[in-house]
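Assemble the complex: chain A is given as a structure, and chain B must be docked to it using the hints.
Going line by line, the protein sequences match chains A and B.
Counting from 1, position 317 in the first sequence corresponds to residue 472 in this note's numbering; the numbering is continuous, with no gaps.
Counting from 1, position 90 in the second sequence corresponds to residue 122 in this note's numbering; the numbering is continuous, with no gaps.
Simulated from the structure, these hints should not be mistaken for lab results.
None of the values given here were measured: they were computed from a predicted structure.
Careful: at least some of the hints might be erroneous.
[Stated by the list, open to error] Quick partial rundown of chain B residues pointing at chain A, CB under 10 Å, derived from the structure:
#1 Ala86
#2 Gln241
#3 Arg242
#4 Ser244
#5 Gly246
#6 Asn250
#7 Asn255
#8 Gln257
#9 Ala258
#10 Tyr261
#11 Lys382
#12 Ser383
For every residue, glycine included, the Cβ atom is placed at its ideal position computed from N, Cα and C.
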Amino acid sequence: MATAHPHLAVEELSRSFGPLKANDRVSLHVARGSVHAVLGENGAGKTTLMNVLYGLYRPDEGRILIDGKPVEIGSPRAALALGIGMVHQHFMLVGSLSVAENVVLGLEGAGFALDLETHRRKLAELSRSFGFDVDPSELVWRLPMGVQQRVEILKLLYRNADILILDEPTSVLTPVEVGPFLDLLRRLRDAGKTILLITHKLEEVMSIAERVTVMRAGRVVAELATAGTSPRELARLMVGRDVVFDIEHERAPIGAPRLSVEGLRVKSDRGIEAVAGVDLEVRAGEILGLAGVDGNGQAELAEAIAGLRRPEAGQVRIDGAEVTHLSVADRLHEHGLGYVPEDRQRTGLVLDNSVAANTILRSYRVEPFARHGLFLDFPRIRAHAERLVRAYDVRLRDVDQPVRYLSGGNQQKVILAREIESDAKVLVVAQPCKGLDVGAIEFVQRTLLAQRAKGVAILYISTELEHILMACDRIAVIARGRITGILTPQEATAERLGLLMAGSRTEAH
Amino acid sequence: MPGLMRLLYATKSVWAILAALVVGAVFILIAGSDPIAAYGALFTGAFFEYHGIATTLVKMSPLLLAGLAVLLPLRAGLFNIGAEGQIYLGALFAAMAALYLPVMPGWIHIIICSFAGMVGGGLWALIPAYLKARHNINEVIVTLLMNYIGINLVSYATSGPMMEEGAPYPYSAEIPESLWLPHILPRTDAHLGVVIGLVIAMVMYYVFQRTSLGYSMNAVGSNPQAARYAGMSVRRHIIWSLVLGGALAGLAGTYEVLGLKYRLFHAFSAGYGYDGIVVAFLGGGHPLYAAAAALFLAGLRSGANIMQRAVGVPTTVVDTIQGLVVIFVAASLAFRFERSRWAEIWRRRKSLDRALEGEVAPPPPTPSGAQPAGAKPAAENAER
Numbered sequence: 156m157a158t159a160h161p162h163l164a165v166e167e168l169s170r171s172f173g174p175l176k177a178n179d180r181v182s183l184h185v186a187r188g189s190v191h192a193v194l195g196e197n198g199a200g201k202t203t204l205m206n207v208l209y210g211l212y213r214p215d216e217g218r219i220l221i222d223g224k225p226v227e228i229g230s231p232r233a234a235l236a237l238g239i240g241m242v243h244q245h246f247m248l249v250g251s252l253s254v255a256e257n258v259v260l261g262l263e264g265a266g267f268a269l270d271l272e273t274h275r276r277k278l279a280e281l282s283r284s285f286g287f288d289v290d291p292s293e294l295v296w297r298l299p300m301g302v303q304q305r306v307e308i309l310k311l312l313y314r315n316a317d318i319l320i321l322d323e324p325t326s327v328l329t330p331v332e333v334g335p336f337l338d339l340l341r342r343l344r345d346a347g348k349t350i351l352l353i354t355h356k357l358e359e360v361m362s363i364a365e366r367v368t369v370m371r372a373g374r375v376v377a378e379l380a381t382a383g384t385s386p387r388e389l390a391r392l393m394v395g396r397d398v399v400f401d402i403e404h405e406r407a408p409i410g411a412p413r414l415s416v417e418g419l420r421v422k423s424d425r426g427i428e429a430v431a432g433v434d435l436e437v438r439a440g441e442i443l444g445l446a447g448v449d450g451n452g453q454a455e456l457a458e459a460i461a462g463l464r465r466p467e468a469g470q471v472r473i474d475g476a477e478v479t480h481l482s483v484a485d486r487l488h489e490h491g492l493g494y495v496p497e498d499r500q501r502t503g504l505v506l507d508n509s510v511a512a513n514t515i516l517r518s519y520r521v522e523p524f525a526r527h528g529l530f531l532d533f534p535r536i537r538a539h540a541e542r543l544v545r546a547y548d549v550r551l552r553d554v555d556q557p558v559r560y561l562s563g564g565n566q567q568k569v570i571l572a573r574e575i576e577s578d579a580k581v582l583v584v585a586q587p588c589k590g591l592d593v594g595a596i597e598f599v600q601r602t603l604l605a606q607r608a609k610g611v612a613i614l615y616i617s618t619e620l621e622h623i624l625m626a627c628d629r630i631a632v633i634a635r636g637r638i639t640g641i642l643t644p645q646e647a648t649a650e651r652l653g654l655l656m657a658g659s660r661t662e663a664h
Numbered sequence: 033m034p035g036l037m038r039l040l041y042a043t044k045s046v047w048a049i050l051a052a053l054v055v056g057a058v059f060i061l062i063a064g065s066d067p068i069a070a071y072g073a074l075f076t077g078a079f080f081e082y083h084g085i086a087t088t089l090v091k092m093s094p095l096l097l098a099g100l101a102v103l104l105p106l107r108a109g110l111f112n113i114g115a116e117g118q119i120y121l122g123a124l125f126a127a128m129a130a131l132y133l134p135v136m137p138g139w140i141h142i143i144i145c146s147f148a149g150m151v152g153g154g155l156w157a158l159i160p161a162y163l164k165a166r167h168n169i170n171e172v173i174v175t176l177l178m179n180y181i182g183i184n185l186v187s188y189a190t191s192g193p194m195m196e197e198g199a200p201y202p203y204s205a206e207i208p209e210s211l212w213l214p215h216i217l218p219r220t221d222a223h224l225g226v227v228i229g230l231v232i233a234m235v236m237y238y239v240f241q242r243t244s245l246g247y248s249m250n251a252v253g254s255n256p257q258a259a260r261y262a263g264m265s266v267r268r269h270i271i272w273s274l275v276l277g278g279a280l281a282g283l284a285g286t287y288e289v290l291g292l293k294y295r296l297f298h299a300f301s302a303g304y305g306y307d308g309i310v311v312a313f314l315g316g317g318h319p320l321y322a323a324a325a326a327l328f329l330a331g332l333r334s335g336a337n338i339m340q341r342a343v344g345v346p347t348t349v350v351d352t353i354q355g356l357v358v359i360f361v362a363a364s365l366a367f368r369f370e371r372s373r374w375a376e377i378w379r380r381r382k383s384l385d386r387a388l389e390g391e392v393a394p395p396p397p398t399p400s401g402a403q404p405a406g407a408k409p410a411a412e413n414a415e416r
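Okay, chain A solo, but in the shape it has when bound (with noise of 0.2 Å):
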């Protein structure tokens, strides 16, 4: 580990979107054949020094040097020609096409004419070596998420990469699978590979990596041994005080029950069982936390609770009234059923619309915002819009800026902000965090625990483990479209879930 120079080194880089400095002055050193994490909570600019290295941005300052030698890395492409590959969170796959077609498109050098016998002969051998245990000629749909990713990894290592940069790779693992891709990391690194491993998840850097950056609000706070650091110390770093992880909430008693599903099925939109058939109830005061690595149904439960997709079995009740075939307006408007969808940017807001058009998404042709039902009245709509602006602390210009302009914790504040204000009794709140920064994850808690208190039920639908411990009264677990479990806070040990997101149900009490 210890030649002349690090294989790969930032010095004093810097990158500014407008007035936000995404990375100030960032200094990283990678030795050869180690696994480096680089730990921040979202938005400490991990990804944007990533995309760096990897071409997608220019730095504005600073240097990036392999083997000691300042290079510049204009394009992707001239990031892999020095051996810089990076896998990113979501895949660049084509799904249609075979393993060894996904490897060899758009392979430099490849010639016109498509040998792929050889390739397919080649990667079989390069799979074997690492223990990867993927067939080239399978088609890439087929294929399981963390299968995927291997394939992801073995392109690179089909281009010679041999700096790896993998983008929070276990976000889309459930929890048994994380172990076994720690191993193949850890053959990876054995055999000479340098990987950067990007991730806010503190077991994982303890277990894996050698050495670890920990950035905030774009910049580097510390660079450590993870032989010399512990959890606390990391997590401390990270979030720049200590964290506790209980906040103290007043509470109103628990009452009955608001929001019932009973045997809901529901089919995503391939076509396949989502949502097999599940029982829910969040009672009037309560917070149910619905847990489970994405993808497990989540997003139909949601949906289908909400009105915007029809199940193909069972009834959604609100306060005893069967709502399960009345339209999303209706369920709102007549039943308070506030819907938080988790797709913000394409679902919960109209992006080039107004910040006080978008605060009448939902009541858009309700008085007193639609005198009639037609004629909007702006003045009063503005003053709404202000309002909310106001009470939920959105920052911005004025009202009629695009709300595209505004920062994701802000367009998150404005939906809270509409669906809480019109009257909801019952919320349904799909990864209300994700991609926020910590003040506005503390926010949208707080506003959360702040309509329990007023005896809102509340069903939070997230992948984030730590943000259901910090909110909920019971949490659920969701494996392959169905409630493996429900456990209070204190039952809820990392154990215990990860059994029950994976899919055991053996635990459910």
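Then chain B, alone, in the frame of chain A:
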């Protein structure tokens, strides 16, 4: 960005039109004339002379209505290439109402003919609208191909069942004089159609800007997924925006019959439906700008004849100039200062297709709510 640049940017369509005219001047030179004299004749003839203005207004009527027929569905993210066919069907229905309904007071009959024309154009647009909303079949192709059917239907009617006895050319009998649209400029052909078009443009502007209907159309066009979340039916918006667009095109055809030709002619529209696309495009999806664009294009058309007579430049040069205007305006949109309105409209169309895939049809009421509804045909369709 400094104020001057901002101003140049905001008026870039105007600069593009000027650039197109400069390049057009080269063609006039090639045709062997003095461009300044030619343009002088063209614009004086089109806009600064009594009969020329009348001719411009006559041509503006179908151009504006067809432009609005394209623009209305565009607001909801749909491309209506079928205004031409809708014009023909509108004219056919209006002519039938004019010729075959019993005698009644003229103004009532005119209103009924207008209504019939709107029904004709609207029904013609209902076919692609239905196919789009129910089966997500590309409306560009369907509306385009239906133009040919519409044109030939009128050819059949005018050379067969509706043809005037002993006519040398396929056309219908003349409609009664009581149905002729009033003229707005004495001693000219300029008829009320253009005024009606302007009123409709203003109403559309108001609806787009100030009503919940405009709000929901815009939401469907710019983010159909969010529109569904807001409780809007993407499907219903698709159907109504295309049908109403078709009705406007039908009105364009109606007023060609009632205001100008007084008969239903075989092949009477000089491609107004296609020019409507240009009008909507130059107007940037905005009804009042579309009116300005229609006026400009109508002026080019009417000035072309005067130019030909005055300086001997063939009128086809004007077709070239119109083409240049489209190219230059399209190119000017590549100079981006902020998100281009047109990139936006392209994006709308794509995301509309995606949202249709996921649309849940409004569920039929269940008898007592006791038995949850299983897979209904509509749901199977939507869940594809």
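*asked:* Of all the hints numbered above, which does this structure not satisfy? Sort the numbers upward.
replied: 1 and 11
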